[in-house]
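Numbering (our numbering), first residue to last: 124 to 262.
Warning: the hint list may mix true and false statements.
Taking lysine-lysine pairs in the DSS-like style, the calculated list, with each CA pair at most 27 angstroms apart, reads [claimed, not checked]:
1. Lys215 to Lys204
2. Lys233 to Lys167
3. Lys192 to Lys167
4. Lys156 to Lys192
Cβ pair distances, simulated, as ranges [stated by the list, open to error]:
5. Leu212 to Gly139: 19 to 27 angstroms
6. Val140 to Ser194: 17 to 25 angstroms
7. Leu252 to Lys167: 26 to 34 angstroms
8. Tyr235 to Ile127: 41 to 49 angstroms
9. Tyr235 to Leu132: 33 to 41 angstroms
10. Met130 to Gln239: 36 to 44 angstroms
11. Gln207 to Gly139: 17 to 25 angstroms
12. Ile240 to Val140: 27 to 35 angstroms
13. Met144 to Gln236: 16 to 24 angstroms
14. Leu252 to Val140: 35 to 43 angstroms
15. Asn216 to Thr143: 15 to 23 angstroms
16. Gln236 to Glu129: 40 to 48 angstroms
17. Asp196 to Ser152: 15 to 23 angstroms
18. Tyr195 to Lys149: 38 to 46 angstroms
The set of hints was computed from the structure by calculation and includes no laboratory data.
Just so you know, these numbers come straight off a predicted model, no measurement behind them.
The C-beta atom is built at its ideal place from N, Cα and C for all residues, glycine as well.
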Amino acid sequence: MKNITEMALVNGNLSGVYLTMKDYEKALSAAYKDLELSKLLITKQRNVPNPSMGIAFAYGYIGAVFFAKASYDSALFYYQKSLQIHRDLNHKNGVASMLVDIASFYSHNKNYQQAQICALEALEISLNLSSNQLILSHF
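Make the full structure from the sequences, and use the hints.
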């Protein structure tokens with residue numbers, strides 16, 4: 124079980140590295156592998172804290188890759204899936220982070236009113252958590 128968790132984390136990290144390198148196919152492959160392993164943890168849930176959290180992060184990684192590839196509708200789809208899991212788990216940092224990503228999507232698509240709504244909700248959550256680092260990391 125621990126090996127599956129570690130493999131999922133490594134694939135999530137690899138996705139971020141490949142995304143930074145603009146190797147989108149490898150980034151997407153690593154993110155999907157992270158998702159697959161995180162889903163496997165759900166079926167073998169013994170002694171694994173919040174296995175759904177891994178799925179939420181994997182969806183966020185997949186969304187980020189699609190956003191970088193200019194596949195904006197796919198990005199929003201995965202961002203929203205991630206957001207819903209974070210909300211279900213009451214993981215405030217994850218909710219705020221996904222709201223910032225969704226705000227970026229709306230801003231990019233010139234839907235500034237919706238972008239503002241998402242960004243302000245993210246800001247409110249972050250301020251309530253004193254997560255100034257989260258705020259700074261997205262702007």
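Query raised in the report: Checked against the structure, which of the hints given earlier come out wrong?
Result: 2, 3, 13, 14 and 18
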